[in-house]
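Protein sequences appear in the order of chains A and B.
Each position in the first sequence, counted from 1, maps to that position plus 1101 in the working numbering.
Each position in the second sequence, counted from 1, maps to that position plus 33 in the working numbering.
Keep in mind that the hints were calculated from the coordinates and are not lab data.
These numbers come from a predicted model, not from an experiment.
Take these hints with a grain of salt, some might be off.
[Unchecked claim] Keeping only pairs whose Cα atoms sit at most 25 Å apart, straight-line, the calculated PhoX-like set for lysine-lysine is: (1) A/LYS1523 <-> A/LYS1473; (2) A/LYS1461 <-> A/LYS1473; (3) A/LYS1461 <-> B/LYS253; (4) B/LYS316 <-> A/LYS1461; (5) A/LYS1523 <-> A/LYS1478; (6) B/LYS253 <-> B/LYS316.
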Amino acid sequence: MSRSGPPVHRGAFGVEQAHRLLWRAGFGARPGQAERLAEMGLDRAVRSLTRPASTRLTGPAPHDHDGHPLAPRDAWGHDHCWWLDRMVRTEAPLVERMTLVWHDWFATSKSGGPTQTLVLRQNALLRRHALGSFEDLAVDITRDPAMLLWLNGVDNSRWAPNENYARELQELFCLGAGRGYGEGDVRELARALTGFRCDWGDAGATNFRFDAKSHDPGVKRIYGRRRRYGWQDGVRRVLDNPEHPSFVVAKLWSAFVPTPPPAATARALERMYVRGGRRVRPLVEAILRHPHLYDDGRRMAKPPVVQAAGMLRAVGRYVDMTDWAWLCDEAGQLLFAPPNVAGWDDTRWLDTATFRARWKMASYICDPAALKTDADKAAVPTTPAALVDAALAFWGAPPLSATTRAGLERYAAGALATAAQKWEREQWPVLVANALRMLIAMSPDLLTS
Amino acid sequence: MAHDPRACCTEHGRAARAGAGLPAIEAGMPDPAGTGLSRRSLLVRSAGLALSVYGAGRLAGVPAFEEGIAQAAAGPDGSVLLTVFLDGGADGLSVLAPVSDADYRKLRPNLALDAGAGPAFAEDERLMWHPSAAPLAQLHGEGKLTVLPAVGYDHPDQSHFTSRHFWEVGALDPTLRTGWMGRLLDRIGTPDNPLQGLSLGSQLGPALAAGANPVAAVDKAEDVGFWTPGTCGVVGDGVVDGFAAVGRDHLGSGDVAVAQAARAAAFTGAVSTALAPLGADGKPTFTPQAAYPSGDFAGRLAGFAAMLAAGLPIRCATVSAPGAYDTHADQTENLGKNLRSASDALLAFQRDLEARGLADRVLTLVWSEFGRRAAENGSGTDHGAAGIGLLMGSRVSGRMIGEFPGLDRLDDEGNLRATADFRGLYGSLAGDWFGVDPAAVLPGASGIGRPVILR
Chain A
1102 MSRSGPPVHR
1112 GAFGVEQAHR
1122 LLWRAGFGAR
1132 PGQAERLAEM
1142 GLDRAVRSLT
1152 RPASTRLTGP
1162 APHDHDGHPL
1172 APRDAWGHDH
1182 CWWLDRMVRT
1192 EAPLVERMTL
1202 VWHDWFATSK
1212 SGGPTQTLVL
1222 RQNALLRRHA
1232 LGSFEDLAVD
1242 ITRDPAMLLW
1252 LNGVDNSRWA
1262 PNENYARELQ
1272 ELFCLGAGRG
1282 YGEGDVRELA
1292 RALTGFRCDW
1302 GDAGATNFRF
1312 DAKSHDPGVK
1322 RIYGRRRRYG
1332 WQDGVRRVLD
1342 NPEHPSFVVA
1352 KLWSAFVPTP
1362 PPAATARALE
1372 RMYVRGGRRV
1382 RPLVEAILRH
1392 PHLYDDGRRM
1402 AKPPVVQAAG
1412 MLRAVGRYVD
1422 MTDWAWLCDE
1432 AGQLLFAPPN
1442 VAGWDDTRWL
1452 DTATFRARWK
1462 MASYICDPAA
1472 LKTDADKAAV
1482 PTTPAALVDA
1492 ALAFWGAPPL
1502 SATTRAGLER
1512 YAAGALATAA
1522 QKWEREQWPV
1532 LVANALRMLI
1542 AMSPDLLTS
Chain B
34 MAHDPRACCT
44 EHGRAARAGA
54 GLPAIEAGMP
64 DPAGTGLSRR
74 SLLVRSAGLA
84 LSVYGAGRLA
94 GVPAFEEGIA
104 QAAAGPDGSV
114 LLTVFLDGGA
124 DGLSVLAPVS
134 DADYRKLRPN
144 LALDAGAGPA
154 FAEDERLMWH
164 PSAAPLAQLH
174 GEGKLTVLPA
184 VGYDHPDQSH
194 FTSRHFWEVG
204 ALDPTLRTGW
214 MGRLLDRIGT
224 PDNPLQGLSL
234 GSQLGPALAA
244 GANPVAAVDK
254 AEDVGFWTPG
264 TCGVVGDGVV
274 DGFAAVGRDH
284 LGSGDVAVAQ
294 AARAAAFTGA
304 VSTALAPLGA
314 DGKPTFTPQA
324 AYPSGDFAGR
334 LAGFAAMLAA
344 GLPIRCATVS
354 APGAYDTHAD
364 QTENLGKNLR
374 SASDALLAFQ
384 RDLEARGLAD
394 RVLTLVWSEF
404 GRRAAENGSG
414 TDHGAAGIGL
424 LMGSRVSGRM
434 IGEFPGLDRL
444 DDEGNLRATA
454 DFRGLYGSLA
464 GDWFGVDPAA
474 VLPGASGIGR
484 PVILR
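One chain only, chain A, in its complex shape (with noise of 0.2 Å):
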């Protein structure tokens, strides 16, 4: 690395070190998964995500409760399942991350007019360029029809120019709100970006297409500049825009890292960005190698979709039933459904209302695997400290603080001392097990990577 580069994590790459990686970077270890990736060392573990050697999924296929298919285009919530096996059976886990990353930077809902088969096609385009280049991304998203809908672009006409997306464009996703452009780049761009158009029918909206005839060919002044910008070009004014590098590092650190980037290291990022021609992966590499990301004190609320398909791929467990729609959306995030155009607000995932919900979650991966009091309570411990490292078993043996190591020991101890009859000393540890397992997803440890 150049001296100019941003830092390199220098300390210690171990099972812990690891295991955040793979929560930030996707969704949690596989069982063994974190001591494998710990062994490669930081750069190849980095590697691996960044550039991975397969993009297959493994494992069943999906299916809802009674064993069907699922019908993602069709059913409420089944494209909500669809994406989540995807994220759970992934051997390209960041490929799927950052697909979410930009589904919350481009946030487009399916609450806003797009239908199911509308925002899955988006789904496909978000993680055809997941690691790619930031220019054709906001190229295409801007000619999708989801967005389309979603922002009014078919709105957009010459003679009735629709502001929507080209307000958002600027706002939302590129250069953040009043950061080098006005209202009147506002009107010019939106002008820019007219033309294109869909057919209205019993299917809803089809045909999606630029149309000349309703582009505005005339000349547009964008941040001080007059051309006969085209709607491509009015896309890529934008990314020229000084303020487009800073903005994109910043929210793309942010999906990473809690706290901001120090001043150097940004710098250093937007200068790889500008540079490498708006390539995505490097600076996704380089912040993975950042210090900030393996610091103790820098943890992050695991997004809910995120938990969810975490404690499936911990448990060695598949989709296998279609409530993780309403699961999910109880805890705050419906794919494909967020709450409008800014994205989800990760400040607002853990309160009195979502942490419920994400009870609720893991009360069913825990229920079909629970101890029976009969079958297994000879294999059960009947301390408190074994109990606790067998239920933290149950979930990949993840890292715990000591803090919250003492705190289940001492619910354990005293649950354990509620036993008066002998068959209550013989049953009661299982049922403390099972109770653990719940209360180790629900610590703020697992509740956080």
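Knowing the structure of chain A, use the given hints to seat chain B on it.
Coordinates of chain B only, in the frame set by chain A:
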């Protein structure tokens, strides 16, 4: 998926549970009245008893939030505000229809209600209650309902999201991140009582988003347990204390995310513990003192009345009324149905509070993000500006705030002009109902007149 909370227990275990008892909290403490009380229900079975336990302040390891709740409950009974949101922009011109306004039938050829179809509105002979709002008319007749026939703000925004946000934050500021009741709770609340601001529903109400003091969401008062697969009895009962204790141990964490997760666990545990006596597994143990209609909204109001009757220290609460009021189409059918559900439940709630002797402590504000366009569009109406607001309670003045502006002086977009500003109303609620300087809660509203709201 079958969720039998007792599935893991044998009959043997169940029988043994009742006799197992629980460790005494403190030596020499009187035994709880009754049998089968778990420790947590003892603590909050009644606020008075909880105080007698906590008042001594000698107990080691007393959970901080249970203590905070108990102490708050022991204070003088506080005033309470419940806000009821009509989601989508309710058509005020249907709730109180201007049947005698000369322009009404011209603007609403299909949707207009017939004169005499609903109860008359005594304060303005031009207006008539929607037939579905008959329970509201009844309350109005008793002087227990104040009507704001055209409430809104200058330069109205017709985005659901933006206008709702203005109402929730109590200012025309798209960037403000704390709710107006959240800021109120920062003044009148405490840092250890998450019940003081309560969302009745599965989402935290943005109007309660506080700067400092905790707030909570409760979907159903009778369903705050935490079902734990493969456990039962005292082991299962202990999980709430278990996660709450782990949360409390992390409250001081310097890591923002850990502290947030810790608060969520600790507050959730405290709320669950406090509400446990009201029911379990969705079966209420409280008895409403009025006949409520069916449905989630009515159930939440009934649960809320029971929470107040139990002495829980709640000051502000939010809830959404059933249905969507964004009636671009099929307005007659949808609005009538939803208005009926809301009105019936609100009347039952008021009667419940009266029967429980709580009616003097509670005000209920019914609001929507905007009204609807005066002219109809097909079978519905488009987004408008000023809409209807209602303030219900035994202490309200019962006199109209603002006036019906008339359909002959609509604004440039054909919308009703506001004759009352919601920020002025909030100011009166802050000042006259909660005794808080309105300027401290409502930035930029000092120049807005504050109406008389109490009798």
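Against the structure, the hints come out as follows:
1. A/LYS1523 <-> A/LYS1473: holds (17 Å)
2. A/LYS1461 <-> A/LYS1473: holds (20 Å)
3. A/LYS1461 <-> B/LYS253: holds (15 Å)
4. B/LYS316 <-> A/LYS1461: holds (18 Å)
5. A/LYS1523 <-> A/LYS1478: holds (13 Å)
6. B/LYS253 <-> B/LYS316: Since the Cα atoms of B/LYS253 and B/LYS316 sit roughly 10 Å apart, the hinted pair holds (cutoff 25 Å).
Comparing the model with each numbered hint stated earlier shows that all of them hold.
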